[in-house]
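Visitor: Take a look at the letters that make up each chain.
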Amino acid sequence: MHLKYESQLREPLVYGDKNYHQVTEDIVRPIEAKPTRLWYIGFYIAVCLLLFGVYAIYRDVTYGIGQWNLNKTVGWGWDITNFVWWVGIGHAGTLISAILLLFRQGWRTGVNRAAEAMTIFAVMCAGQFPIWHMGRVWMAFFVLPYPNSRGPLWVNFNSPLLWDVFAISTYFTVSLLFWYSGLLPDFATVRDRAFTKLRKRLYGVAAFGWTGSTKHWQRHESLSLVLAGLSTPLVLSVHTIVSFDFATSVIPGWHTTIFPPYFVAGAIFSGFAMVQSLMVIIRKVFAMEDYITMGHIEAMNKVIVLTGSIVGVAYLTELFMGWYSQNKYEGYTFWYSRAYLFSPYGWSYWGMMACNVLSPQIFWFRKMRRNIFVTFFMSVIVNIGMWFERFVIIVTSLYRDYLPSSWSVYYSPTIWEIGFYAGTFGLFFTCFFLFAKYFPVIAIAEIKYVLKTTGEGYKGRMDKIEGESLETFVHDHAH
Amino acid sequence: MEQKKIWQSFGELNQSEAYNKDVKDEFKEELPFVAEEGKSFLEAKAPRRDFLKYLGFSTAAAAAAASCEMPVKKSIPFANRPEDIVPGVSKYYATTYVQDGDVVSVVAKVRDGRPIKLEGNDLSPVTGGGTSARVQASVLDLYDTARLRFPTINGSEVTFDAADKSIADALKDNRNVVVLTSTITSPTTKDAIAQFLAKYPGGRHVTYDAVSYSGMLLANELTYGKKAIPSYQFNNAKAIVSIGADFLGTWLSPVEFAKQYATGKKINEKNPSMSKHIHFESVASLTGSNADEKYLHRPSETGAIAAALLSAVNGAAITGISNEKLKAGIAKAAKELLENKGAALVVSGSNDVNVQVIVNAINEAVGAGGKTINWASTLNYRQGVDADFAQLVEDMNAGKVGALLIHGANPAYTWYDADKFVAGLKKVTTSISFNTKVDETATLCKFVLPDHHFLESWGDAEAKSGYYSLIQPTIYPLFKTRQWQDSLLKWSGDSKDYLAVVKNYWSAKVGGETGWDKALQAGVINPTTIANPTGASFNSSAVAAAVAAVSSAKKGGKIELVLYEKIGIGAGQGASNPWLQELPDPVTRATWDNYVIVSPAMAKTLLNIDLNDNGQADAYEVNPPKKVVKVTVNGKSIELPALIIPGTQVDTIGIAVGYGRSENIGKAAAGVGKNAFPLASLAGASVNFSNADVTVVATEEKYPVALTQTHSRYDTAQGNRTEVMKEISLAEYKANPTEIREDREAELKPYGGLEKFEGQGTIYPVYDRPGIKWGMSVDLNSCNGCGACVVACNAENNVSVVGKPEVLRGHEMHWLRIDRYYSGDMENPNVVFQPLMCQHCDNAPCENVCPVAATNHSSEGLNQMTYNRCIGTRYCANNCPYKVRRFNWADYTGADSFPDNQEGIVNDVVLNMSDDLTRMVLNPDVTVRSRGVIEKCSFCVQRLQESKLNAKKESRPMVDSDLKVACQQSCPTNAINFGNANDKNSAVSKVRVDNPNRQFYVLEQLHVLPNVTYLAKVRNQDEEKKEGAHA
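Chains A and B, in that order, are what the protein sequence lines are. Heads up: the first sequence begins at 1 in the numbering used here, then just goes up one per residue. Heads up: the second sequence begins at 1 in the numbering used here, then just goes up one per residue.
Keep in mind that the hints were calculated from the coordinates and are not lab data. Be careful, since some hints might not be right.
[Said to hold, decoys possible] Okay, derived cross-link-like pairs now, DSS-like style, lysine-lysine, Cα gap no bigger than 25 Å in a straight line: (1) B:518 to B:91; (2) A:328 to B:756; (3) B:518 to B:172; (4) B:518 to B:503; (5) A:328 to B:749; (6) B:734 to B:335.
So that you can see chain B by itself, here it is in the shape it has in the complex:
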């Protein structure tokens, strides 16, 4: 059959030429740019229109390319990926934080070859996974731009070989070689020093601690025959008396002590009992702020108090104390100690041998030895005796020191008589510093051979005898630095390097290569059996002389001075660390400065500020410039602004050391505060950090102090804001355990009471919240306000540093802050610390006011912030009752799309934080926020996601042990619990179920339904201290 021809057009029917061409070409129109042979582009068909198109596009493209600066990506992919590194997956290495004598076992989180965060090592029985603010911040020191990047001779760069050669020449035939270090806790380092000194007969090793514990060491030598410090067991103590020892903040091993102390403060609701902590001090400290009862005294009375306490525990009368309150306090302390004989502990922060001898005698009298004091294991954090160093300075000045090798110590800054040390150093022909920066001492040394940062080092530490912690590098050394032990070994002619020494030493002890690997993995080597605390035989012969000495001590003058260390800055080691400078001091809430602490009573006479007068108190609080006072001590003067801090003795002022450092050590230290070390003095064998007679005069000047909290009382003339903070005495709590619950019930009664509040407190429907519901619980009894969590949060979440000028304007970015409130008597108040982060409200007031829905609620109960959606109206921050939202007021991070907008707007410290080296510390899992957006606590959502995914990969439900948020991990006292509140087995659920009577929500009555619960602060006080009286 002939096929029927079907056609659509005449063209197809006739197979016309035009039709065939159309069928052949894919496009009906002529293709542009098909240059015809031999013809230029402009002569081609339809060139004009295409030319215009082309022109338009190219102009636009050129304009776009020229105007938008394309970021230069400096990433280099692995040609051959190391077997054990997966990009984007963190590795964890156990190592040890070591700074001078401080030792904390940690686990370093290493991401793509960079250590970015330190977490406490749970395997260490000493710190139990706890950390401090300084530990958390130390990772930033690794990337410090001020680190010395190569060895120098007289300030100019040399190679290590050249330096070794010069030093070998210089040391040849040198008879008086002195190795000057801060406390060394490493057994192998001590061996290396000994080996080195053996080569130079006549040489010696001097240990120098900026803030020494000479008094204790010498007192223990006198009374126990051991120049050492025993272990303390605060966890075994039912009664703790501290005479000025800031053991939660800065004294010896605060992380360890905080952990032990917290065990006595945690409450079992069914059978509440607590340790009793009575504190005597002159200037408000962190430990004093946490004490159950605190008594204020003049620094010159320290010895008298110790002596009085000794006679009281011995059943004699209290003499030598005129202040009635103080007398009662001593009597009470003695009573508590005696009632808890065998579970009592007295500690003192005094550096006076006599005081420490008396304290030892008291401890013997109350049976502390073998119970709360353990001589089986000594604390090695501080080993320096000031007299040794003073002798060294004399020798140097007398020209008796040929060579001085300095590691860690910085006496040109920290010694009370630095000028003399500097003069002596000039007489030392060969001076070698191993310090990592050209600090005040290193700058005077001929040779500087910078040491590694501890995260680049090998090593070990024995901070508590029998408990070892190993150091392994987590990154290849960033600069041309060398471990100083390697230098010592080399110069003593040992061919082994320090790694081999450490490895041999430990392999022999822990069972060869396998044992070494295992130990390195765990990071700690613990005694196989933890021995019971043992005492030591007490020699009381020195006690009578000590008592006589303190009794005859001269009375203080009108005003006395106490020098103290701050929790972040220490003796100046933290001064170059921006995170620590910006960490608000827990007690004063000030950043970026030191200042003179005065009591409210002294403020009245000295500064003419009466905090009981609303107008004057307001003026003091809302205006950052504070009056400057001039303090004169032994002819040396210092001018600093005065801060009024309740809880300070009326006639005493306090000044923090560690400030006024050389700008060589970093931009963060430049121009911050003033050096107070020269105000100390040498008394006998130890440096005295107080002075009994100083003069203070107010000047006309004012100086702005960057405080992050201006008001500190939650009671007002219009009512006591107990919804913010709940605290109660133990006696009251025992009498009526449900008091707090009843208060809440009464507050919410009109809205259905506690049970029905969620539904009846609103006109809107209530939804079920199945699945995961993230929740946090903070125990205010455990929290001591140390600030480790604040810095941990900075590190984990890339929280910007904003610098002093910005903190002054209330622009600090901390996602987590620790609020401090006073209640009761203004001169000696109760203090409570309250960590406050985003409360992740289920009915969040920030969420509904955002016009663009940039902040919203996740199905897991998170209040989540979408940075790239945020347009920065700040309405959410205004409407947050907790004021936890932070706005990026300027380009703090350099992440902004506007170029060149940091200079002149943010200061050098902030600029330095966006330096390429410093930025290596950033956590790649967390967005670096740009200018103009709001940010806030995310409950470490990156950790939550990781833990969920890990559980998912293993096909099991997520459990508590899968995650710890950064603040929770860093906490030395486990004050923070976090987890899935819908999981009945999670710790946070259990805490909530087990503590119905202490639990509260901050500002619960607002019906914002927070996901953070707090456990009320209970103080071991007999009676209710008067609250609500508005001062």
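The following block holds chain A by itself, in its conformation from the complex:
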């Protein structure tokens, strides 16, 4: 006899039969408690990395780009590789928030806040590279089209680098607004629970005077939709424009029309992998397994296997075109510089293939999709693979291009190039640790939408009843 009917369509999005108060408690608790020892250690390491990065940049600015191993042929190396890598990572957040919001994907609420934060920090990290890779960074403001006293000089709107400036600054601004507008009700929650005056004041300012009135909620909802609408094309446009840096050039291996969709797929791929890496840690460290559930992890693994396969198809298409075009320059780049394992950079191409195309196929198995360790391991592998992809595109195309006379010596980074990259990790994790400590890592207000409190409670009670004997039931209800 079944006294309840349970939908078999999907699992609940939040486990643990939470009520609204419990949700608030669970999420705000880490903000109000003293940070753990682990947090301090992590934060310390992150700050050290950041400082090392700052020193690496100091050297680069003072002594010149010669601090890096770039040369007359390979003008971009780790710098732009890392730039594209971080920008790619910065895609998942907005994708999760905006596109999934528009598609009414309820499961996004568990992860969107942290994913958006990740996006913003990743874009901040990405932005460092095009800035500090300039030979004369103190003149960087030349890229801004503002009325100036330098006569008729104006930026060059033909240059994809300038498009980058606009694309990334727009993306950053919209993502930041979207993220922050979502934070408003949650900051108000923290404010309302504040136990010191300072907290109350600071969170009060951050909450912009949110009172939770219906009008506020109505405007909040509209704003979210509008920003989601704005962000959605940006998710596609940013990496499309980043891909134009390469696609509009004349260099074999760069000059490819497939780049925009291929880059966007790759960005989502790496972004989701990064979200996975962080989520697996957060849910463990903050004991949020109930909010960031296996369902989330599985859903994101599905996205990973899909986008990974799209990227794989793109790789194969490139290889095919390298042969089919019968262009000897492209042929050389794709079939020798890249796909020939024993060429100087063959290892990076096959590293990329192994990480991005082969290994994610493991997620065709449900068991693997729902395995925390596999998920974490794979998320790291995918990000390594995606780094290789950018390295392959940039370095293997440049180091042997048209004139064999100018083919480059082997390019490998100096400690300062690596230091700069490590520094952006430092920046990223410093921000992320601060975020985890002071911000609600899960959207409190939004996750409450998807609680199935009533249904779950009912289900619980019914389970109990079903398990009882008729006598007990009668006895209990006889009064």
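Chain B: place on chain A using the hints.
Guide: Only chain B this time, still in chain A's reference frame:
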């Protein structure tokens, strides 16, 4: 009528006090800082606000003044301007480059009192305006910080008077005075030496050349009765056979020979014909790389080849040569020589008398005398005979030399047995050096009286008898130096100075003061009529003995060695010059080192590197550290890295001399390479620069070699990149003259073909380009890759020297480079040189990618670079298909606004280049680039502007003769044409119109529309050598 009162306010109407005050004061408010009598500033009206303003401003000003180091301007204006100097306008003085025996007539560009650039002197029929890399670089030697700045006795500074006195004492009653010099071509100097020696009976003059031509001099004495070298006329030769003579690079007078040689290589498309150059050599050289056909042999076979060639031209069988390829080569050479009897020439680089005697015999047999060899005029570049010097060393050791006066020669470094010379020098009581630096020899001499640099000197030179070139100073001597001829004259008791001697000598010959002035202005004195080449009577009695001697020479061992000179460094004279050290060797493309050259076949056995294996070839190419090998010769060992250079005989290795010099001669020489002179040996009367039996073993070590080009083939497994380089054999060209054009047509067919490519190759509109359109054309047949243009570009455009550590990292800054490609057989390939500079594309890919429009297109077709707009994203460099853009990776020039950022980042050589003295060589018309910006060839835009302005001042259109860009000017073979391509009468237009079949653009299919055209390389070969086979 009473005037109506018009008022604007009640105040005005009533003439109130307040109103009147307002009208009176210009400003409504109280003026600040008007200190009232007896009151301090702070008590003045409204002091607080003003005080704060004042404070703010002064703090900011103080901070600004304290933090920004203001540059100290060390310029002093003329109180009285010299009449003939206009600041900012260059003056040109004809003078002569003289270094040891090398002589090239030049014109020095003097800007505000400083010579900054040397250009070839067009009036010289010998060099015809051509120069070499070393000539171009010599202006930097003037400003060398390592020059000795005062006379010294035992290393401490003295005055010339004191030195003269001590030397007079020392020379008094001295019976055995020897003047030791490198070759002297100056008649007046020879007179001065004679005059000096006349005062010291028993004295003698010994001429010593580091790399001597004793073999030739002695052979000519034997066969022609003259210890001299005749003139060669490569321009008259239809068949040229060279047995190891690097006459385009380092042999005797390469500038002159390159010019003559190029006349036989330039092609008239309508009636193509070329001279035929067959080359025999052991180690790849510049001349061998330019040969139509090249045969490789062991150094020990040189004599046998000469003998075989002699018997072949005499119609006898070829004997004594076992290698079939070589045999065929000799037969072919003989055939060519005989077919072109009277227009044939054989030259040999051997220093062996017997070989040269045989070569003379061959030349007689093919009728070279009076046609391609001219005895009417001798070449005086090298006059030293090694035996004379060896005798001197013996005498010194025997204590038979009382005083030794040394000028130019540096035997403590260049003599094969330097220790013996040094030991002998210690026994000489009075040793005097006139060398400009404390080099290896001068440091051992008691007296050092530094000579002027040639740009500070008076003098003359007769490098080719009958052709004189005058030397005049272009700058007041920078240091306390004295011309050594003045010293000689003084010590011989002559009251005249050397200038008076030179002037008297020449005034008498050219018609007094006016004639002298005219000659000085022209810089050269040429024979009034150029006589036809004449031969000399040949005495064949020595030939049989010579043939017998070479036939009985012992066979070589397993591995043989050749010592050679590099085009920039020579016998070590260029070692202290950073421009020359950084000039990539044309053959090996290496900078800043010497090394052991090995063939690809030897690399396989010795180094375990198989260049036919892609993986191994890649590993060799992309990693600068090369395996070090140990070479042992007669018990002397030298360890050097090995470079694999195709075109080298399988069992032969080559090592360049001129390296491993004392750091006293300059920072550029310190620690660079190793000295290979000790590996030479004395054979009979001459030094032998090869050795027939050496051992070579690979060591475990590796040593980085700074190569500027790592890959040298344009064919790949994915296709032959013929759009990069086009070469063809003469036979093929004659059979199908339009082949190259057809190739281009086929390539561009989908985009409208050659005619319509510009419009149809793009979706964008095509613009007219009226007015001036600068264009360049490079003839790959004339270019021999010598590198003069590269150094000329350095000098003209203030191109930075970056030092070896930076070249290793691919940071060299050359705006113009000479790419070298191999094709065909890996062991003995065809070699082609391609000068590559910015192509000034009309549809330039660098321009559209710059976010700040720092590089853009001028209305005259220049791709121009705006340094102060550049923010250094390097996108343009990435997107340049020609990879000609150069980035300032560090503060190479000291021009950066960041202080103290050179130490520890760039090496001493680079630091020294931004020394105040060295910086005097900078061209003030060209911006010195700072760190973080991109730079590249500008087509010498400063010269273009000057020529346009000059034409404008004279109200006429600009014509070709108004300008020559630096590379074009320096070229000894006129391989580069430059001018207004829209002008139908300009040379560049004519070249393009006249050579439709050989012309091509590099990477034309990209539709970047370059403004530089190349004329394809045609080799005088009978059949097509196999190309495209990827080794």
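Visitor: Next, verify each hint and record whether it holds.
Guide: Status of each hint after checking the structure:
no., hint, verdict
1, B:518 to B:91, "holds (16 Å)"
2, A:328 to B:756, "holds (24 Å)"
3, B:518 to B:172, "violated (42 Å)"
4, B:518 to B:503, "holds (12 Å)"
5, A:328 to B:749, "holds (17 Å)"
6, B:734 to B:335, "holds (21 Å)"
The structure fails to meet hint 3 from the earlier list, while all remaining hints are met.
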